[in-house]
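J.: Chain by chain, the residues run as shown.
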Amino acid sequence: MSDSPPDPSLSSLPIEQLVACHECDLLMRKPMLRDGESAECPRCGYELFSHRHHVVRRSLALVLTALLLYIPANFLPIMQLNLLGQTSQDTVWSGVIGLYESGMQGIAVVVFLSSMAVPLLKLLCQLLVLLSIRMDFGRSYGLLLYRVYHDMREWGMLEVYLMGILVAMVKLMDLADLSLGLGLFCFIALLLVQVWLEVTMSPHQIWEALSGEDVHAGD
Amino acid sequence: MRAIEAGLLVCHECHQLNPADVDAKHQYCSRCGGQIHARRPNSLIRTWALLLTSAILYIPANLLPIMTVNSLGKGSPATIMGGVLELIHFGMLPIAAVVFIASILVPTFKLVGIALLLYSVQRHQPMSARQRILMYRFIEWIGRWSMLDIFVIAILVAVVNFGSLASIEAGAGAAAFASVVILTMLAALTFDPRLIWDNTETDHD
Numbered sequence: 003m004s005d006s007p008p009d010p011s012l013s014s015l016p017i018e019q020l021v022a023c024h025e026c027d028l029l030m031r032k033p034m035l036r037d038g039e040s041a042e043c044p045r046c047g048y049e050l051f052s053h054r055h056h057v058v059r060r061s062l063a064l065v066l067t068a069l070l071l072y073i074p075a076n077f078l079p080i081m082q083l084n085l086l087g088q089t090s091q092d093t094v095w096s097g098v099i100g101l102y103e104s105g106m107q108g109i110a111v112v113v114f115l116s117s118m119a120v121p122l123l124k125l126l127c128q129l130l131v132l133l134s135i136r137m138d139f140g141r142s143y144g145l146l147l148y149r150v151y152h153d154m155r156e157w158g159m160l161e162v163y164l165m166g167i168l169v170a171m172v173k174l175m176d177l178a179d180l181s182l183g184l185g186l187f188c189f190i191a192l193l194l195v196q197v198w199l200e201v202t203m204s205p206h207q208i209w210e211a212l213s214g215e216d217v218h219a220g221d
Numbered sequence: 002m003r004a005i006e007a008g009l010l011v012c013h014e015c016h017q018l019n020p021a022d023v024d025a026k027h028q029y030c031s032r033c034g035g036q037i038h039a040r041r042p043n044s045l046i047r048t049w050a051l052l053l054t055s056a057i058l059y060i061p062a063n064l065l066p067i068m069t070v071n072s073l074g075k076g077s078p079a080t081i082m083g084g085v086l087e088l089i090h091f092g093m094l095p096i097a098a099v100v101f102i103a104s105i106l107v108p109t110f111k112l113v114g115i116a117l118l119l120y121s122v123q124r125h126q127p128m129s130a131r132q133r134i135l136m137y138r139f140i141e142w143i144g145r146w147s148m149l150d151i152f153v154i155a156i157l158v159a160v161v162n163f164g165s166l167a168s169i170e171a172g173a174g175a176a177a178f179a180s181v182v183i184l185t186m187l188a189a190l191t192f193d194p195r196l197i198w199d200n201t202e203t204d205h206d
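Chains H and X supply the protein sequences, listed in that same order.
Those letters in the first sequence? Residues 3 to 221, per my numbering, in order.
Those letters in the second sequence? Residues 2 to 206, per my numbering, in order.
Among the clues, some could well be false.
Said to hold, decoys possible - Here are the simulated SDA-like pairs of lysine to any residue, each with C-alpha atoms no more than 25 Å apart in a straight line:
1) X:K75 / H:K32
2) H:K32 / H:Y48
3) H:K32 / X:M2
4) X:K75 / H:Q91
5) H:K32 / H:I17
6) X:K75 / H:M175
7) X:K26 / X:D199
8) H:K32 / H:Q19
9) X:K75 / X:L65
10) X:K75 / H:L85
11) X:K75 / X:V99
12) X:K75 / H:Q88
13) H:K32 / X:R3
14) X:K26 / X:L190
15) X:K75 / H:L86
16) H:K32 / H:E49
17) X:K26 / X:I57
18) X:K75 / H:L177
19) X:K75 / X:L190
20) H:K32 / X:G35
21) X:K75 / H:E49
22) H:K32 / X:I5
23) X:K75 / H:V172
24) X:K26 / X:P42
25) X:K75 / X:S165
None of these hints come from the bench; they were simulated from the model.
Only chain H is shown next, with the shape it has when bound in the complex (with noise of 0.2 Å):
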């Protein structure tokens, strides 16, 4: 981490040997990054940077299992409910229909959007990002989906779904029978899949792969 004093001949340097902080926009030195370490903005504290092993190979295995989960996760029933000799279930996607249903477009499109489209659409774009740079094949496109992934991020609530489940099975417990479905696992492992990529997959290091900066970064 470079904690570097005021420097008046910063502004000289070349702008390769530079970076700015993204959130306060403090000027620095760019610091030069073993595998395994990271860099913070020494004025806010904003992580600027990490450097990890094989990200690219990683990331794609990651991204693989997250997509296998995605479809048993989303249709396989979370929970069964148990009334007086009825029986009914619940999907991630019934939800969305029953909303639907019950006149109420708007929160349904919304549910749907965070829980189910955005977090495929993200797998979808990483997978793809990662694709381009595995296979040097259309770097272009891959810098423009990863910019869209980057839009969808903080859109995609998983895991505030998962609590959500937590507070509905609570809240239905003392009503009626209830037990838990394959579909919740699937769910759960998807979350943590999904959590351990957005952890491996440093920013800082798929964007100089995509620009032909790191000509290594597909091995």
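On the provided structure of chain H, position chain X as indicated by the hints.
T.: Okay, now just chain X, sitting in the frame of chain H:
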């Protein structure tokens, strides 16, 4: 030294440095092609607008029922606070606390917090830059958790579906509440954190 003083612009998307082009009306990042600004245009005004809209919607969100529980032909509407009280009544204190924090404390804190950030950036007081940036990060991070109640409703509507025996419907309050959450998230995104540091004189700069 700030990047803006050295004539450099940071890309919002990929954080690449670009030399500022004084003549250009719109400038695009040399690496990722995203549009770049020294500071987000009209950040304070836009954030105020989003904040005021969500403050207005905050009222129906709390007063109107977010869902109606129909049981044996009788419907009982429940507001956000009603849901929390019901959980307390059943003795589910930890879950009641989570719902209370996510649905009542966090939205209120966000409305007050963003207003305070905007005010202190415009008036150069009353908090230090470090306090403001911590508050900004906290608001940005916690915003999404308020969607909790919306997801709970989605699950309940789907699973409690036994015809006339028992069913749950979403209410108008839920739509207002979802709007408050989304608008305050947008307000946090529109606010440019670099403004926090622009009008502070720090000795370690």
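J.: Starting from K75 of chain X, check that the Cα of L65 of chain X is at most 25 Å away, please.
T.: This hinted pair holds, its Cα atoms lying about 18 Å apart.
J.: Has the given pair, K26 of chain X with P42 of chain X, been kept, meaning a C-alpha gap of at most 25 Å?
T.: 12 Å, holds
J.: Given the hint that K26 of chain X pairs with D199 of chain X, test it: the Cα-Cα distance must not exceed 25 Å.
T.: Holds - the C-alpha atoms of D199 of chain X and K26 of chain X are around 23 Å apart, at most 25 Å.
J.: Does the structure keep K32 of chain H and E49 of chain H at a Cα separation of 25 Å or less?
T.: 13 Å, holds
J.: Given the hint that K75 of chain X pairs with L86 of chain H, test it: the Cα-Cα distance must not exceed 25 Å.
T.: 18 Å, holds
J.: Can you confirm whether the C-alpha distance between K75 of chain X and S165 of chain X stays at or below 25 Å?
T.: 9 Å, holds
J.: What's the verdict on K75 of chain X and L190 of chain X, does the C-alpha distance respect the 25 Å limit or exceed it?
T.: 43 Å, violated
J.: Can you confirm whether the C-alpha distance between K32 of chain H and G35 of chain X stays at or below 25 Å?
T.: Answer holds: K32 of chain H to G35 of chain X is near 22 Å, not above 25 Å.
J.: Against the 25 Å threshold, does the CA-CA distance of K75 of chain X and V99 of chain X hold or violate the hint?
T.: 29 Å, violated
J.: Tell me if the straight-line CA distance from K32 of chain H to I5 of chain X falls inside 25 Å.
T.: 17 Å, holds
J.: For the pair supplied as a hint, K75 of chain X and M175 of chain H, confirm whether the alpha-carbon distance does not exceed 25 Å.
T.: 21 Å, holds
J.: Between K32 of chain H and Y48 of chain H, is the straight-line Cα distance small enough, at 25 Å or below?
T.: 15 Å, holds
Violation of the numbered hints given earlier is confined to hints 1, 11, 17, 19 and 21; the remaining hints are satisfied by the structure.
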